[in-house]
Amino acid sequence: MMKFPITFIALALAIIVQPTASADAITEAYVQENANDVLNSLNNPELSPAERRLAFQEYMDQFANINAVARFVVGKYSRRFSDQEMLEYQDAFRDYALTVYENYFDEYKGQSVFVSGSTDRNARDSIVDTTILSSDGREMYVRWRVLKRGDKYQVVDVALNTDGNVIWLAIEQQAQFLSILDRSNGSAQDLVAKIRDMTADIRGS
Amino acid sequence: MMTRFLLGCVCFCLAGCASSGSYRAERAEDPYEGWNRGVYAFNEGVDAAILSPVARGYRAVTNKPIRNGVSNFLNNLGQPVVFLNSALQGKPEAAADTFGRFVINSTIGVAGLFDPATAFGIEEHDEDFGQTLGHWGVQPGPFLMLPLAGPSNVRDLVGFGVDAALDPLNSNDFEGDTEFRISRGALGAVSARERLDESIELLREQPEPYIALRRNYGQSRAAAIRDGQEAEDPFADLPDFDDGDFFDDADW
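Residue numbers (this note's numbering), protein chains in the order written: chain L, 1 to 205; chain G, 1 to 252.
Be careful, since some hints might not be right.
[To be verified] A short, non-exhaustive set of chain G residues, derived as facing chain L with CB atoms under 10 Å: (1) Ala-96; (2) Thr-107; (3) Arg-214.
[Unchecked claim] A few chain L positions that, by computed beta-carbon distances, are all more than 12 Å from chain G: (4) Gln-32; (5) Leu-42; (6) Asn-44; (7) Glu-46; (8) Glu-58; (9) Ser-82; (10) Ser-112; (11) Gly-164; (12) Ala-170; (13) Ala-188; (14) Lys-194.
[As the list claims (entries may be wrong)] Quick look at which bits of chain L chain G covers, simulated, 3 or more residues with Cβ under 8 Å: (15) 114-128; (16) 143-156.
Source of the hints: derived by calculation from the structure; they are not laboratory data.
From the three backbone atoms N, C-alpha and C, an ideal C-beta is built for every residue, glycine too.
In isolation and in its complexed conformation, chain L is listed as follows (with noise of 0.2 Å):
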């Protein structure tokens, strides 16, 4: 008699506990379509270089929260840069971020991304696991982590795994952000014209 009382709460339970073991398939639907939205733009030959660019950059801002990654990677200082600085900061950020993420992503542009897996941090913070095929033919493991705001999802950080070494790129830009500014009383100045001298550096080189 005590048989179904005790199996029905072990149900109840595992249906309770289950949605923790991976993504809602919307999460891991949204990377795919548009990380490979995002590599596609990158080669369309339809398109001038500079036109490539503007729709790369279009599609990272609908995929993306830039901004929000641009507040994180100053950490504290993110509530200490007067509102003008702020605006400044995050104009150079964005542009050296599209242009770090473009340049990178080149070798893969063409390319299609494969979700192999998924987990739920919590039911807003989920990280999606793919993998992307190079042009030469290696295999790319990258994760994105992705944030849901009411019905809205989007990409806050990306990970690149090396032989067990993964790569989270905000969190290894705000510990060195965070030491140029901690090295510079916090001059939101000198951060934004390293950032733009780094850009101008990527563009050139």
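Once you've looked at the hints, dock chain G against the given chain L.
Below, chain G alone, put in the same frame as chain L:
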């Protein structure tokens, strides 16, 4: 150690590390940052004046097969140490692989110049005493930037000393041993510097190369101790974006 300095850069892709790395944690892992930065600047100067030009000259006067042969030869010399550390970590398969690779590459592979063991499907392993200590739970201790040798930590510095003592080519006397050891060290430094040239350039393009190198060194060493496997809970230390004032509703 020069090889380790260079290897510290190797996995560097665009950027960094998995741990959240709070400011306090960063300070705790690098209490000698002022000294370390000075040494880093010194090493960069030495690299620009000597190592980099020599490595590029080496690339210019040799072709890829020759460089691979040199790299194979040097790698093969280190296999007894890899074997001992595999055994000390309780990895009999890795120890057997390493023993087999050493025998095959030293004979069929002409003193290690060629690598037929890989063609035979025998897996290569990379173990040192720093990893052995880490395998048995020893923590890395403070980060150290060593003159000429590059990034390290207390655990790896001890490991380097033990590896040097374990190496039969260091612990045994033979005719011309001093010249051999100096040549091996110099050739190892040039060969490794040449292989990592592009990675080092990438490192220098980072916003803060010293921080990037320090973080990547710690992270890649931790991954090596796990034999390339992911951490048990890779998402445990991720920062919570919702914790800070990072989101503006206008951005969504």
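Hints, one by one, checked against the model:
A least Cβ separation of about 22 Å between Ala-96 of chain G and chain L goes past the 10 Å threshold, and the interface hint is therefore violated. Hint on Thr-107 of chain G is violated. Least Cβ distance to chain L is approximately 30 Å, over the 10 Å limit. At about 9 Å, the closest approach between the beta carbon of Arg-214 of chain G and any beta carbon in chain L falls short of 10 Å, and the interface hint on this residue holds. With a cut of 12 Å on Cβ distances, Gln-32 of chain L stays outside the contact zone with chain G, its closest approach being about 20 Å.
The Cβ of Leu-42 of chain L lies farther than 12 Å from every Cβ of chain G, with a closest approach of about 16 Å, so its non-interface assignment holds. Here Asn-44 of chain L stays apart from chain G, with its beta-carbon at least about 24 Å from theirs, past the 12 Å limit. At roughly 29 Å from the closest C-beta of chain G, the C-beta of Glu-46 of chain L stays outside 12 Å, upholding its exclusion from the interface. At roughly 16 Å from the closest C-beta of chain G, the C-beta of Glu-58 of chain L stays outside 12 Å, upholding its exclusion from the interface.
Against chain G, the non-interface label of Ser-82 of chain L holds: every CB pair exceeds 12 Å, the least being about 14 Å. No beta-carbon of chain G comes within 12 Å of the beta-carbon of Ser-112 of chain L; the shortest separation is about 20 Å. Distance check for Gly-164 of chain L against chain G: the nearest CB is about 4 Å away, which does not clear 12 Å, and the non-interface claim fails. Distance to chain G contradicts Ala-170 of chain L as a non-interface residue, since its nearest Cβ pair spans about 9 Å, not more than 12 Å.
No beta-carbon of chain G comes within 12 Å of the beta-carbon of Ala-188 of chain L; the shortest separation is about 14 Å. The beta carbon of Lys-194 of chain L is not kept farther than 12 Å from every beta carbon of chain G, the shortest such distance being approximately 7 Å. Proximity of the region 114-128 of chain L to chain G, defined as three or more residues with a beta carbon under 8 Å from a beta carbon of that chain, is established by the 5 residues found. By the rule of at least three residues with a Cβ nearer than 8 Å to a Cβ of chain G, the coverage given for the region 143-156 of chain L holds, with 7 such residues.
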